[in-house]
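Undergrad: As a plain string of letters, each chain reads:
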Amino acid sequence: MNFLYAAYAATWIIHILYLGSLVRRYSRLRNEIEELKRK
Amino acid sequence: MKRVFPLLGGLTAVLLSYALYQALVVAPTDQLQGDVYRIIYYHVPSAWTAFVLFFVNFVASIVYLIRRSAKADMIALVTAEVGVVFCTVVLVTGPIWARPVWGIWWTWDLRLTLTLVMWLIYVSYLMLRRFSSSGQTPVMAAVLAVFGALDMPLVYFSIWYFRTQHPSPVIGGGGSIDPVMLRVWMINWAAFLCFALMVCWSRYRLERLQREVEEMQALESMIEPRSAR
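Top line first, the protein sequences correspond to chains L and E.
Residue numbers for the first sequence follow the numbering used here, so the first one is 10 and each next one is one higher.
Residue numbers for the second sequence follow the numbering used here, so the first one is 833 and each next one is one higher.
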């Protein structure tokens, strides 16, 4: 059972890490857009 | 469009929860492997989703090479990136499943090695796109994607034509599977496909925004020297 839960947890950890990287990239872009607008 | 995205996102979350319930509770226990076989409901759908995404990447790359369409280029990039994420899931869940069933984490058999090679090909594709500053980068990446896609049928058919440690195909390979297991498997694949579609959609929007920002920055750098004079 431990291996089963480990596999399921690993799957969602990988997906969540990737989604987190997308959110970070999106907020960085938003900041860049704000900066460009201010100029 | 702004309302469709959260609605589809919510539906995907419900479908993924339902698929998880089906995989852990509804699907019968395997007589030989016990409950650990339930990894199949994440491992195999992730592999097939990665195949679908890499195939879309292949088609989009060909379209880009013919028409030089920016949209095709963005679709190719997005599907390669999300495909690598799903392929990573396959390469992580596979050894976790192999350890209790085969007694080893990894073996250099044809299916496993070719899957690792496929992952490396698409990681190198993403590295090329990330670190090359040449104007020809999208063309080089598209050519790499077209040749890289040749590994896909090798991965898929390796367990059909060669003796490997990896089991022979149960679905579509002449084997048999319990109808309930097959239904649960299909539900999980549908859920992961919807999830992949949502992630690709988000990544596509992000890529479009990034290219707009790059254009704005390029325009600004062209204007700034003139205004400084």
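Treat the hints as calculated values from the structure; they're not laboratory data.
Keep in mind that this is a model prediction, so the values were computed, not measured.
Beta carbons are placed, not taken as given, at the ideal position from N, Cα and C, and that holds for glycine.
A hint or two may mislead.
To be verified - The list that follows gives simulated cross-link-like pairs (lysine-lysine, DSSO-like), each with its CA atoms no further than 27 Å apart: (1) L:LYS46 <-> E:LYS834; (2) L:LYS46 <-> E:LYS903; (3) E:LYS834 <-> E:LYS903.
To be verified - What follows is a set of in silico ranges between Cβ atoms, one per label pair, in the way DEER data are often shown: (4) L:GLU44 <-> E:ASP867: 34 to 40 Å; (5) L:ARG37 <-> E:LEU856: 34 to 40 Å; (6) E:GLY967 <-> L:GLU44: 43 to 49 Å; (7) E:ASP1010 <-> L:GLU44: 56 to 62 Å.
Undergrad: If a hint holds in the structure, say so; if it doesn't, say that too.
TA: Consistency of the hints with the structure:
1. With a C-alpha separation of about 23 Å, the suggested pair LYS46 of chain L and LYS834 of chain E falls inside the 27 Å cut-off, and the hint holds.
2. Proposed proximity of LYS46 of chain L and LYS903 of chain E is supported: the alpha carbons are some 26 Å apart, at most 27 Å.
3. Taking the CA atoms of LYS834 of chain E and LYS903 of chain E, the gap is about 20 Å. The hint holds against a cut of 27 Å.
4. With their beta carbons about 53 Å apart, GLU44 of chain L and ASP867 of chain E fall outside the hinted range of 34 to 40 Å.
5. Roughly 37 Å separates the CB atoms of ARG37 of chain L and LEU856 of chain E, a value that falls within the hinted 34 to 40 Å.
6. For GLY967 of chain E and GLU44 of chain L, the Cβ-Cβ distance of about 26 Å falls outside the hinted range of 43 to 49 Å, so the restraint is violated.
7. Checking the proposed 56 to 62 Å range against ASP1010 of chain E and GLU44 of chain L shows it holds: the Cβ atoms sit about 58 Å from each other.
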